[in-house]
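Chemist: Take a look at the letters that make up each chain.
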Amino acid sequence: MIRRKIVNAAMFALTGLCALLAVSVLFFILGYLIYHGGKSLSWSFLTHLPRPTGETGGGMANAIVGTGELLALTCLIGVPVGFMAGVYVSEFGGKTAAAAIRYAADLLNGVPSIVVGIFAYAVLVVPMRRFSALAGAASLSVLVIPITLRATEQFLRDVPNTLREGALALGAPKWRTVLTVVIPAAMRGIITGTILAIARVAGETAPLLFTSFNNSYWSRGLDQPTSSLPVMVFTYAISPYEDLHRQAWAAGLVLLTLMLVANVAVRAILSPGSAPRT
Amino acid sequence: MRTILACVLVTGVALLSGCAGSGGGKTESQVVALNGAGATFPAPIYSKWFDEYHKSHTGIQFNYQPIGSGGGIRQLLAGTVDFGASDQPMTDEQLSGAHAKVLHFPTVLGAVVPTYNIPDVSQELSFTPEALAGIMLGTIKKWNAPEIAKANPGVKLPASEIVVVHRSDGSGTTFVWTDYLSKVSPAWKSKAGAGNSINWPVGLGGKGNDGVAGLVKQTPNSIGYVELVYAIQNNMNYGRVRNASGAFVKAGLDSVTAAAASAAASIPADFRVSITNAPGAGAWPISSFTWLLVPQNIPDAAKRQAITGFLEWMLGPGQQMTQALSYAPLPDSVVAQEKQAIARIQ
Amino acid sequence: MRQVLRRVPERFLPGTRGLIGLRARLRTGDEIAYLATFAFAATIMAILVLLVFELYRSSGPTLHRFGLSFLTGRTWDPVAGEFGALPFLWGTVVTSALTLLLAVPVGLSAAIFLSEMAPPRISNALTFLIELLAAVPSVIYGLIGIFALVPFMRNVAQPALASAFGYLPIFQGPNYGVGVLTAGVILAIMVLPYIISVSREALLAVPRDQREAALALGATRWEATWRAVTPFARLGIVGSVFLALARALGETMAVTMVIGNNPKISASLFAPGYTIAAAIANEFSEATSDLHLSALIELGLVLFLLTMAINAAARLMVLATARKGTQQ
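Chains as they are written, first to last, in the working numbering: chain D, 18 to 295; chain V, 538 to 883; chain G, 4 to 331.
Hints were generated in silico from the structure; no laboratory data involved.
Take these hints with a grain of salt, some might be off.
Where chain D lies over chain G, by a calculated footprint (3+ residues, C-beta under 8 Å) [unchecked claim]:
id : stretch
1  : 48-62
2  : 110-120
3  : 283-297
Pair ranges (Cβ atoms, derived) [to be verified]:
id : chain 1 : residue 1 : chain 2 : residue 2 : range
4  : G       : Asp293    : V       : Lys726    : 17 to 25 Å
5  : G       : Ala315    : D       : Asp175    : 21 to 29 Å
6  : D       : Gly71     : V       : Gly596    : 22 to 30 Å
7  : D       : Thr73     : V       : Pro854    : 18 to 26 Å
8  : V       : Phe785    : G       : Gly176    : 31 to 39 Å
9  : D       : Ile51     : V       : Glu849    : 40 to 48 Å
By construction, the Cβ of each residue, glycine as well, lies at the ideal position given by its N, Cα and C atoms.
Given these sequences and hints, build the entire structure.
Modeler: Below, the structure written as structure tokens:
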């Protein structure tokens with residue numbers, strides 16, 4: 018018994034160490050970004066347009082708004098597709114069809130983001146003969162769809178079947194059961210999964226470089242090139258100037274902070290005071 | 538209910554911010570907006586130029602994005618941008634394959650320098666072209682090899698293995714570097730050749746200038762190559778190289794402009810020329826032009842005027858701004874030749 | 004019962020076939036709901052087919068010119084127009100295997116800790132932080148990799164490995180700091196949050212009585228977890244591993260910063276390597292010749308086929324173990 022207790026304690030320590038290890042990476046990254054980018058962060062960084070190197074007072078207001086715009090469009094294009102497909106896979110699809118769709122989504126999830134960018138460039142940018150926020154959002158959507166589908170399916174499956182049976186027994190058609198009973202029960206998990214999906218693609222550079230492009234000024238519409246934080250980080254990081262490097266770090270910090278705030282905010286709204294899903 | 542509220546809130550906020558952005562831009566309706574893409578090397582000076590030009594010509598917005606020279610050429614040919622930019626001239630094949638005629642306009646000069654990290658050596662090293670080619674080919678393996686030592690009398694070189702670092706991403710910098718090596722070394726020309734991305738005989742690949750610089754800094758006894766601007770701005774040590782006239786030259790804005798000046802007599806009318814291994818006594822041998830690529834026919838009159846106006850300005854006041862950003866300005870003879878070429882845009 | 008309800012929708016039940024059945028179903032709205040969700044699901048198929056077609060079409064020149072030798076060639080020479088992808092394939096497979104080898108034990112341990120061992124309060128806080136990690140852009144991992152991880156690997160980890168296991172060929176050769184091993188480590192760090200959060204979900208989904216029964220029989224917490232809970236969550240855990248694998252296969256920015264980008268096949272993990280995704284990212288924006296461009300897109304196609312094969316294998320594996328599970 019003592020030996021078993023020792024094993025138990027040892028495994029507790031070992032697994033705990035692994036968890037701490039994973040978490041410490043986050044603090045290391047945050048600290049690193051704050052150290053390198055914190056100095057360049059100021060109010061004007063958040064509210065002004067970019068300035069050329071050597072001039073002070075430049076910011077990334079257009080990139081911050083542009084990223085918001087791209088993500089909002091992604092929510093409009095990609096999330097519904099992933100969500101509805103997830104409902105199909107979990108609730109309506111036959112066994113083979115559901116498996117096929119799930120397989121397709123997994124394959125899509127494994128496509129490197131740069132290949133998705135090349136794809137969106139070939140089917141959207143070249144025919145339209147212009148870079149646009151729409152093309153950028155479309156390529157981000159391709160990345161978001163499989164993750165949203167997976168999250169939706171996963172959480173719909175976790176809804177106890179007694180709920181479905183209860184509603185069906187009361188004579189409700191299947192669609193009503195799904196819409197008014199099953200989906201609401203899984204909503205919290207689905208939203209968390211979706212937020213994570215959006216956060217995941219928010220930092221993608223490769224699919225945007227050849228689709229939404231970038232803009233030194235405010236975007237002039239959804240069919241025009243649009244600035245975004247990841248592309249700004251990329252552009253500034255490859256330049257030879259120290260002040261641009263610092264701005265790149267600062268932009269990385271802003272991007273990460275926005276993601277953290279979004280995460281925290283959504284969680285706070287979803288689960289006031291209570292622990293999420295235990 | 539709470540969850541739906543959260544949903545609506547998040548999308549709402551995101552959309553609002555999006556609308557605010559696009560709405561803000563639409564108020565200036567009479568703006569001529571041009572998009573350009575291409576080389577990363579001149580991007581900082583281009584953004585400086587376009588910003589200054591926008592200040593004096595508020596109705597014109599040039600949006601230039603550094604996506605790479607190859608990308609710039611392809612976008613121009615695909616018609617997704619109004620102008621391109623490249624660190625290497627378009628090939629005859631590319632020009633003949635294009636739907637429309639493309640003109641080359643040199644803007645500034647670039648240079649590539651060998652940078653190294655030998656912990657025990659503090660002196661500035663000198664390299665013969667043969668030594669550089671040998672190191673890059675992997676035939677010269679140690680720092681104290683006679684080919685290197687001969688050019689550096691008095692420097693105590695270690696007997697350690699040389700670690701070569703090169704660019705892993707396709708790059709105009711690599712093109713200039715390998716174009717030079719191909720000119721000075723037949724062995725290099727037959728084994729590796731010149732290009733944006735090549736099959737490297739030896740070495741580690743780093744992504745971008747910072748990747749190469751990072752690897753050189755991190756790896757003892759290594760040698761790599763970076764753009765001169767990058768070396769100057771980041772206080773990296775870089776070596777002298779023996780040029781075509783036999784003198785060991787230090788790379789600097791003057792020696793780079795000198796390289797272009799010494800090659801000026803042989804510059805063709807379309808400006809597509811390599812100036813590596815230039816003949817002048819003070820010329821830095823690993824130099825190159827960088828070009829703006831402009832379609833010869835621009836049907837939209839407003840865009841045409843914007844581009845020709847900018848080119849005129851770039852060759853005048855624009856050239857005065859180059860040195861502050863560590864770019865070498867064009868020699869006067871090239872400027873004069875280019876001013877005449879602007880008239881070809883119709 | 005649950006299976007029957009989900010798997011056999013009413014539309015397949017007897018008595019609802021035919022035109023009358025269709026009208027009835029349209030009236031209740033089920034057919035509409037079915038068709039609507041199906042349309043969206045079909046969109047995913049359409050995107051995938053279009054993507055594959057586009058990749059196939061654009062890689063035409065190299066497909067015709069090199070055929071299968073594209074996969075077996077060892078020379079990648081854009082200047083001479085010779086393209087062989089074997090070193091990239093090798094690098095991709097080795098780094099991905101290393102990633103899983105490093106990340107799965109740590110990730111699974113952390114997931115077990117979070118779902119089974121830790122007090123709920125600590126568990127919730129840590130889970131939240133780990134999910135945030137998933138949002139860190141990969142370019143940031145890359146920069147941290149080159150400035151923090153590479154020196155650590157060169158000065159500490161690799162010399163230690165070489166002195167302890169130097170007799171193995173995989174730990175021999177010059178130590179640059181960058182290389183296949185370093186790439187595996189950074190990828191392992193990047194996929195860790197995925198493994199942890201998905202495995203944790205899977206563990207939490209295991210019915211409560213499963214644990215309680217084991218604990219009531221006198222098992223320690225660890226024994227209950229290991230013997231009674233993890234076997235139940237097997238499917239979800241395998242799923243998390245493949246999610247991680249997909250990410251590792253397609254990752255570019257961080258890998259290209261630390262792998263050394265040298266398309267040579269070497270037995271040593273210290274040697275520089277190259278992956279398919281890194282090659283595409285490195286060369287795509289500057290590729291000028293059509294053949295070079297086509298070769299890069301064919302690399303994309305190869306990577307896609309690789310992902311497809313791995314996913315199919317995973318599915319078969321899951322299917323096999325699931326069947327065995329129900330027979331017992």
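Chemist: Apply the coverage criterion to the stretch 283-297 of chain G and chain D: a residue qualifies when its Cβ sits closer than 8 Å to a Cβ of the chain, and three qualifying residues are needed.
Modeler: holds (count 4)
Chemist: Can the suggested window of 22 to 30 Å be confirmed for the beta-carbon pair D:Gly71 and V:Gly596?
Modeler: For D:Gly71 and V:Gly596 the Cβ distance comes to about 25 Å; the hint holds.
Chemist: Taking a Cβ-Cβ distance under 8 Å as contact, does the stretch 48-62 of chain G have three or more residues in contact with chain D?
Modeler: Our answer is that it holds, as 8 residues pass the Cβ test (under 8 Å) against chain D, meeting three.
Chemist: Please check whether V:Phe785 and G:Gly176 have a Cβ separation lying inside 31 to 39 Å.
Modeler: About 36 Å separates the Cβ atoms of V:Phe785 and G:Gly176, which means 31 to 39 Å holds.
Chemist: Count the residues of the stretch 110-120 of chain G whose CB lies closer than 8 Å to any CB of chain D, then report whether that count reaches three.
Modeler: The restraint on the stretch 110-120 of chain G holds, since 7 of its residues have a Cβ under 8 Å from chain D and three suffice.
Chemist: Just to be sure I understand the hint, the distance between the Cβ atoms of D:Thr73 and V:Pro854 should be within 18 to 26 Å; is that true here?
Modeler: 22 Å, holds
Chemist: Can the suggested window of 21 to 29 Å be confirmed for the beta-carbon pair G:Ala315 and D:Asp175?
Modeler: 26 Å, holds
Chemist: Is 40 to 48 Å respected by the C-beta to C-beta distance linking D:Ile51 and V:Glu849?
Modeler: Taking Cβ atoms as reference, D:Ile51 and V:Glu849 lie about 46 Å apart, which means the hint holds.
Chemist: Is the hinted range of 17 to 25 Å satisfied by the C-beta distance from G:Asp293 to V:Lys726?
Modeler: Taking Cβ atoms as reference, G:Asp293 and V:Lys726 lie about 23 Å apart, which means the hint holds.
Going through the hint list in order, the structure satisfies each hint without exception.
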